[in-house]
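S.K.: Build out the structure end to end from the sequences listed, making use of the hints.
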Amino acid sequence: MAVQPQTNQTTATGTEYIVRCKDVVKEYMMGTQIVRALNGVTLDIVRGEYLSIMGPSGSGKSTLFNMIGGLDKPTGGSVFINDVDMAQLDAQELAFLRCRTIGYIFQTFNLIPVMTALENVMLPMIFGGLSTDEAIDRGIELLKLVGLGERLHHKPSELSGGQQQRVAIARALANNPQIILADEPTGNLDLRTGKEIIELLRQLNKEQGVTIISATHDLKMVDVSDRIVWIRDGRIDRVEERAAVEVRVGDVEGTPG
Amino acid sequence: MKKDGRQVERLQLPFRVAFHISMQSVRIRFWRSVITAAGTVLGIAFLVSVLTAMMIQRNSGAITDPSERYRMTWLVIMSLLVCLVGITNAMLMSVTERYKEIGTMKCLGAYDIFIVELFFIESALVGLIASVIGWFLGVFAVVLLKLFGEGFKVFGWVSPGEVFLYLILSIVIGTLLSVIATIIPAQVAARMPAAAALRVEV
Ligand SMILES: Nc1ncnc2c1ncn2[C@@H]1O[C@H](COP(=O)(O)OP(=O)(O)O)[C@@H](O)[C@H]1O
Ligand SMILES: [Mg+2]
Chain C
8 MAVQPQTNQT TATGTEYIVR CKDVVKEYMM GTQIVRALNG VTLDIVRGEY
58 LSIMGPSGSG KSTLFNMIGG LDKPTGGSVF INDVDMAQLD AQELAFLRCR
108 TIGYIFQTFN LIPVMTALEN VMLPMIFGGL STDEAIDRGI ELLKLVGLGE
158 RLHHKPSELS GGQQQRVAIA RALANNPQII LADEPTGNLD LRTGKEIIEL
208 LRQLNKEQGV TIISATHDLK MVDVSDRIVW IRDGRIDRVE ERAAVEVRVG
258 DVEGTPG
Chain F
356 MKKDGRQVER LQLPFRVAFH ISMQSVRIRF WRSVITAAGT VLGIAFLVSV
406 LTAMMIQRNS GAITDPSERY RMTWLVIMSL LVCLVGITNA MLMSVTERYK
456 EIGTMKCLGA YDIFIVELFF IESALVGLIA SVIGWFLGVF AVVLLKLFGE
506 GFKVFGWVSP GEVFLYLILS IVIGTLLSVI ATIIPAQVAA RMPAAAALRV
556 EV
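Same order as they appear, the protein sequences are chains C and F.
So this note's numbering is basically just the index in the first sequence, starting at one, shifted up by 7.
So this note's numbering is basically just the index in the second sequence, starting at one, shifted up by 355.
If you're looking for bench data, these hints aren't it; they were derived computationally from the structure.
Hints may contain errors.
Unchecked claim - Have a look at the derived ranges for each label pair, beta carbon to beta carbon:
| no. | chain 1 | residue 1 | chain 2 | residue 2 | range |
| --- | --- | --- | --- | --- | --- |
| 1 | C | A98 | F | V513 | 52 to 58 Å |
| 2 | C | T82 | F | W429 | 51 to 57 Å |
| 3 | F | R382 | C | S64 | 34 to 40 Å |
| 4 | F | F491 | C | E141 | 42 to 48 Å |
| 5 | C | E148 | F | I432 | 54 to 60 Å |
| 6 | C | E148 | F | P369 | 16 to 22 Å |
| 7 | F | W386 | C | S85 | 34 to 40 Å |
| 8 | C | E148 | F | R382 | 26 to 32 Å |
| 9 | F | Y454 | C | A98 | 45 to 51 Å |
Don't be surprised by glycine CBs; every beta carbon is placed ideally from N, CA and C.
M.R.: Structural data, given as structure tokens:
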């Protein structure tokens, strides 16, 4: 049973919103002081869209990433994934969700240093119950997809930053997730490599229909996003639709979308 | 998930995979592993040296004082306890160093029990290797010392069968010691939040 991609299972029955945040508040204790990292965020994310969350450092982007990704619990409000309230899930169901429904990409790549590129990509599949042989086949396929077919057995330390992030993208895709969550995916990359990674993400979004949610302060992301959510001091400042952005880009470059 | 009418399966990490990950972990973090192993090596070396010295004394026909035996047993137990604390401490440091890795594994869908499993296999491996080294050092040190004192007749007082038994004993005690010392660090690792994967400081 584990082999078949389980993406369509919920897609068929699910609503158009894959993620819904309702009045999400997150407070952290810093000694005796309370830091309000998120201050009432309400946001509906459409299935299949490429959404960028933009904002200055410290505005709460990573905190929102944690809430949507089920990595931490909100102090107030709720987050729904496929209409399931995440607060209702127990530890095992959360692990299941992280394994199958969401793929994570980090600023610091976060490959497991002791494992090769292929082993890193295989890991979520092994956690998901796939046999080693199946995981190897799919792992190779995914690494080819991100352009690393020649680097299967390299350790992360033997790969460049851009290559490491490609491995991380392949790993995020391992179990056919419905959502890819990326926190500053280009933050540790140079301009050109960052652009390549963004283009790869956009391509995957178009070809595989995976919803991409990316926290960033990289303006290169503007070009590829369907929607941009600007946050500031833990609140949504404004939401920009692609249409409005496209006109502006079109004006500058003279190329219709 | 239950809410969708789906059932969450009870998954297991295949032992072969877990073993492979743990072994790589020991190899790549070699010096950290050496520090963890040092506790076991010293504890086992002391235990074996006491046993070997007693065997040589017995076989040489010297009279042994029974109260001396109790004192040595007590010393060995105390030294093993001290080693236990040492290994726990080294393992705890190793866990805090790996916060990002552990958090990432949780993001990829690892159950807490997988993390515990990885740490236990790792400590058993380190314990096993450390025990063999400790056993060798213990026997070697005592035989060498007696060789200087008594000359070559020492070799007549060493019974190979008994020395081999010490090896088995060392492996059992050393591995157990290492695994027991990892109970608390493994719990700490398993409780590491998935959000630790994003932490940038430390
Ligand atoms: N674990 C934490 N403990 C305490 N404060 C935190 C923690 N994580 C984030 N914060 C605080 O919450 C605010 C938002 O942080 P973050 O979400 O990381 O912002 P961004 O990713 O946009 O840079 C900051 O003021 C930060 O100091
Ligand atoms: Mg951040």
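S.K.: Against which earlier hints does the structure fall short, listed by number upward?
M.R.: 7, 9
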